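Given chain F, work out where chain C should sit, using these hints.
For reference, the chains in residue letters:
Protein chains: 2
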Amino acid sequence: MRQKRFILQENELPTAWYNIQADMTNRPMPPIHPATKQPFGVDDLAHIFPRECCVQELDTEHDFIPIPEEVLDKYRFYRSTPLVRAYSLEEALQTPAHIYFKNESVNPLGSHKINSALAQCYYAKQEGTTNVTTETGAGQWGAALAYAARVFGLEAAVYQVKISMQQKPYRSSIMRTFGAAVTGSPSMSTRAGKDIITRDPHHPGSLGTAISEAVELATTTPNCKYTLGSVLNHVGLHQTIIGLEAEKQMAMAGEYPDVVIACFGGGSNFGGIAFPFMRHNLKDGRQTEFIAAEPESCPKLTRGEFRYDFGDEAGYTPLLPMFTLGHSFKPANIHAGGLRYHGAGMIISQLLKDGLMHGVDIPQLESFEAGMLFARTEGIIPAPESSHAIAAAIREAEKCKQTGEPKVILFNLSGHGLIDMSAYDQYLNGDLMNYRVTDDDIKKTLQCVPQ
Amino acid sequence: MRQKRFILQENELPTAWYNIQADMTNRPMPPIHPATKQPFGVDDLAHIFPRECCVQELDTEHDFIPIPEEVLDKYRFYRSTPLVRAYSLEEALQTPAHIYFKNESVNPLGSHKINSALAQCYYAKQEGTTNVTTETGAGQWGAALAYAARVFGLEAAVYQVKISMQQKPYRSSIMRTFGAAVTGSPSMSTRAGKDIITRDPHHPGSLGTAISEAVELATTTPNCKYTLGSVLNHVGLHQTIIGLEAEKQMAMAGEYPDVVIACFGGGSNFGGIAFPFMRHNLKDGRQTEFIAAEPESCPKLTRGEFRYDFGDEAGYTPLLPMFTLGHSFKPANIHAGGLRYHGAGMIISQLLKDGLMHGVDIPQLESFEAGMLFARTEGIIPAPESSHAIAAAIREAEKCKQTGEPKVILFNLSGHGLIDMSAYDQYLNGDLMNYRVTDDDIKKTLQCVPQ
Numbered sequence: 175m176r177q178k179r180f181i182l183q184e185n186e187l188p189t190a191w192y193n194i195q196a197d198m199t200n201r202p203m204p205p206i207h208p209a210t211k212q213p214f215g216v217d218d219l220a221h222i223f224p225r226e227c228c229v230q231e232l233d234t235e236h237d238f239i240p241i242p243e244e245v246l247d248k249y250r251f252y253r254s255t256p257l258v259r260a261y262s263l264e265e266a267l268q269t270p271a272h273i274y275f276k277n278e279s280v281n282p283l284g285s286h287k288i289n290s291a292l293a294q295c296y297y298a299k300q301e302g303t304t305n306v307t308t309e310t311g312a313g314q315w316g317a318a319l320a321y322a323a324r325v326f327g328l329e330a331a332v333y334q335v336k337i338s339m340q341q342k343p344y345r346s347s348i349m350r351t352f353g354a355a356v357t358g359s360p361s362m363s364t365r366a367g368k369d370i371i372t373r374d375p376h377h378p379g380s381l382g383t384a385i386s387e388a389v390e391l392a393t394t395t396p397n398c399k400y401t402l403g404s405v406l407n408h409v410g411l412h413q414t415i416i417g418l419e420a421e422k423q424m425a426m427a428g429e430y431p432d433v434v435i436a437c438f439g440g441g442s443n444f445g446g447i448a449f450p451f452m453r454h455n456l457k458d459g460r461q462t463e464f465i466a467a468e469p470e471s472c473p474k475l476t477r478g479e480f481r482y483d484f485g486d487e488a489g490y491t492p493l494l495p496m497f498t499l500g501h502s503f504k505p506a507n508i509h510a511g512g513l514r515y516h517g518a519g520m521i522i523s524q525l526l527k528d529g530l531m532h533g534v535d536i537p538q539l540e541s542f543e544a545g546m547l548f549a550r551t552e553g554i555i556p557a558p559e560s561s562h563a564i565a566a567a568i569r570e571a572e573k574c575k576q577t578g579e580p581k582v583i584l585f586n587l588s589g590h591g592l593i594d595m596s597a598y599d600q601y602l603n604g605d606l607m608n609y610r611v612t613d614d615d616i617k618k619t620l621q622c623v624p625q
Numbered sequence: 175m176r177q178k179r180f181i182l183q184e185n186e187l188p189t190a191w192y193n194i195q196a197d198m199t200n201r202p203m204p205p206i207h208p209a210t211k212q213p214f215g216v217d218d219l220a221h222i223f224p225r226e227c228c229v230q231e232l233d234t235e236h237d238f239i240p241i242p243e244e245v246l247d248k249y250r251f252y253r254s255t256p257l258v259r260a261y262s263l264e265e266a267l268q269t270p271a272h273i274y275f276k277n278e279s280v281n282p283l284g285s286h287k288i289n290s291a292l293a294q295c296y297y298a299k300q301e302g303t304t305n306v307t308t309e310t311g312a313g314q315w316g317a318a319l320a321y322a323a324r325v326f327g328l329e330a331a332v333y334q335v336k337i338s339m340q341q342k343p344y345r346s347s348i349m350r351t352f353g354a355a356v357t358g359s360p361s362m363s364t365r366a367g368k369d370i371i372t373r374d375p376h377h378p379g380s381l382g383t384a385i386s387e388a389v390e391l392a393t394t395t396p397n398c399k400y401t402l403g404s405v406l407n408h409v410g411l412h413q414t415i416i417g418l419e420a421e422k423q424m425a426m427a428g429e430y431p432d433v434v435i436a437c438f439g440g441g442s443n444f445g446g447i448a449f450p451f452m453r454h455n456l457k458d459g460r461q462t463e464f465i466a467a468e469p470e471s472c473p474k475l476t477r478g479e480f481r482y483d484f485g486d487e488a489g490y491t492p493l494l495p496m497f498t499l500g501h502s503f504k505p506a507n508i509h510a511g512g513l514r515y516h517g518a519g520m521i522i523s524q525l526l527k528d529g530l531m532h533g534v535d536i537p538q539l540e541s542f543e544a545g546m547l548f549a550r551t552e553g554i555i556p557a558p559e560s561s562h563a564i565a566a567a568i569r570e571a572e573k574c575k576q577t578g579e580p581k582v583i584l585f586n587l588s589g590h591g592l593i594d595m596s597a598y599d600q601y602l603n604g605d606l607m608n609y610r611v612t613d614d615d616i617k618k619t620l621q622c623v624p625q
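If you read the protein sequences in the order shown, they are chains F and C.
The first sequence runs contiguously to residue 625 in my numbering.
The second sequence runs contiguously to residue 625 in my numbering.
Chain F with its partners taken away, still in its complex shape (with noise of 0.2 Å):
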């Protein structure tokens, strides 16, 4: 018999995050102040943020960060998540690579979101906090949040972009189910809000403004604080867990991966699968090969500048050192909305700049060739979104064909596409296309990037 699955006992479960910030050889550079250039400490950031994350955030001297019991006992709601030995994907590629993926679709929300959302909910509750505000564009860390809050008590209010929340309905009915207050973004609520409509009353939304509204009601609300769903070390830290599981499953499977692949829009699925596993690169002499699979419409690891940048549209945000493509970068409007993000997390930019992991652009039609032939072959339904990291997974499995190397490939599934059929319905009928930014586009968007 072949196992397929590989699934930890409850009682198996890791019970620390990694930040690998204290392992790292060259350290992130920190968030700085627009105007005085200082560096952010924790307590500027704690005027936004739940404070412990603050900490995390910042931390560079502690490897393992214990998870708090209480975010425990929610993770063991829906984790493990499987580790999955892709045997039929294999047979088709006719690949001598073994290739499995981690299974982060299979929780209550359908993406790995909720791992990050119940830590930042548990502190914000903890430092007596009552209300969470952010912002989503297409919905999965919204829902992820508007679920966290209501499992710790709080009351939970998401802008979302106007445009994606007239697109992608279903989101918003799972974070209204959750209970959580949903806002179209620009709306009438905030000062910022007002400002957009009345300067253009049928402004669509960006993230910028769903970012504006969301951290003006939790700076002039009591009780209420901001909370992010990727780019920021501490959701990152977060999402460990997914590679943590992922070493002792690849350890009932009796391998180690030769590459480890996750999509990439902000950073935070990828860093939780690959940081684990990078850790051995660091510590222990492995060489691990990590892949980080951007969209080709929003390339910033493989043709970004490393700078400091805004991490939204609107400038809001302390500036970030990043790879990026000018925080005035508009993506085209491709269906893996996740990965709509001018930027890459400070983290990940050191580890790019220092050549300890690279990225792969990857077309929108290739995305979903992909996605089609996973979902035909191990029966799941990808979200857009992980669609580019089995495209990027497929890519190494055909180089193994041509070398017949037995390299074993691990990838992150992100999340499953259920919520965004009408996106394989548009490929169904060939109505999508691919959209590779010029480099007069680029040049462009990083001139506005502030010196």
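Rather than coming from a laboratory, the hints here were simulated on the basis of the structure.
Treat the hints with care, since some could be wrong.
No distinction is drawn between identical chains; accordingly, a pair holds when it is met within one copy or between any pair of copies.
[As the list claims (entries may be wrong)] Once the Cα atoms are required to be at most 20 Å apart in a straight line, the calculated EDC-like pairs of lysine to aspartate or glutamate come out as:
#, residue 1, residue 2
1, Lys-336, Asp-599
2, Lys-617, Glu-243
3, Lys-618, Glu-479
4, Lys-211, Asp-613
5, Lys-457, Glu-244
6, Lys-617, Glu-463
The structure displayed is predicted, hence computed values, not measured ones.
Here is chain C on its own, set in the frame of chain F:
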């Protein structure tokens, strides 16, 4: 640490289905020909269905039927499914009851239907069939069949009720993603469809029209077999993998259920979880109570009559011995589309007649209230069908609160509701209502049952 989830390793999966027919004191009465009133034999049924399914349909001899290795291999994609102790739901209800649920939503298609789809397609393939066909309403069964056909290299043609296809577009996208040809019924592709459209060009379709078209396609196409997602004995047989796993998992939890509950449409998910436990009532003197939760708007178990009736609206099938509301009964348009069926399967009908189980009828609003509470405590948005089981479990848990009894309640979560979010939206907006059937309505449709 309180353990929440109980999961079997792959080598612990059951390797045979349980055939309750072999253990029943009163065997189910046979299907009969409408004109001759002669019992249908394997040869009669095998014109339409895969032969091995017909053998299983009428098998009253073997209590365990081995699961073919090829089917087991596909089960390992997603099985075992978790058994979960619903601590949060218990806390919310302040009940001394121990509530467990078997989570059949955790598979690529999101419902239990896949368990039988894989078996039926395997047997079809084994017998040299190249094409399978079926009908589907909301699309849970059609999606499962499309996937299973792909797995075994068969072509699938699904007739989906035209109005459902328009109301739930995501499910037809799922079927197409797995490569099935999906046709809205009534269609111009069959004689039956043409007749209907000629009479009424705007006919919205029904399971009746879709069954007629699928059966016609199967009987007029070489190497094509028809498959069905519930009602028949062999479908319930394949679903017993659910209860057989749950039995092992309850043992891991150190408990045995006092009450087993499932929602009820044609009977396949109910039989799946109930029969393996019921065998200990039949053979070992256990006293477990079995509750089938049907919608108030389609109350065949609680208010129907035991009669020989057609399995479909149009009267194309053999006559089946069933608790029925009459095959011309038109259930209200509730969101639990999978429970909108006029009759109960043959085995269930006999068990109900013999007092080995009973039904409860759940109003639509109570089902959604239960579903919301479950989502907000256990984090999983249930399918509207499954919410009927949850509502029945909550009723039992509340009885325990009155009596102080710490009963062990087990229910089957047959699927998730991520494709049904528009239903939750309507509930949250206050746009849903109950539909109570009058005695006169039932009397009228029972008059049309053949004598």
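Outcome of the hint check:
1. Lys-336 / Asp-599: between (22 Å within a copy, 17 Å between copies)
2. Lys-617 / Glu-243: Neither, since 48 Å and 58 Å both go past 20 Å.
3. Lys-618 / Glu-479: The answer is within: 13 Å in one copy meets 20 Å, while 75 Å across copies does not.
4. Lys-211 / Asp-613: Answer is neither: 29 Å inside a copy and 78 Å across each miss the 20 Å cutoff.
5. Lys-457 / Glu-244: Cα proximity of Lys-457 and Glu-244: none, with 31 Å in one copy and 44 Å across.
6. Lys-617 / Glu-463: Answer is neither; intra-copy 30 Å and inter-copy 71 Å both fail.
Comparing the model with each earlier hint shows violations of hints 2, 4, 5 and 6; every other hint is respected.
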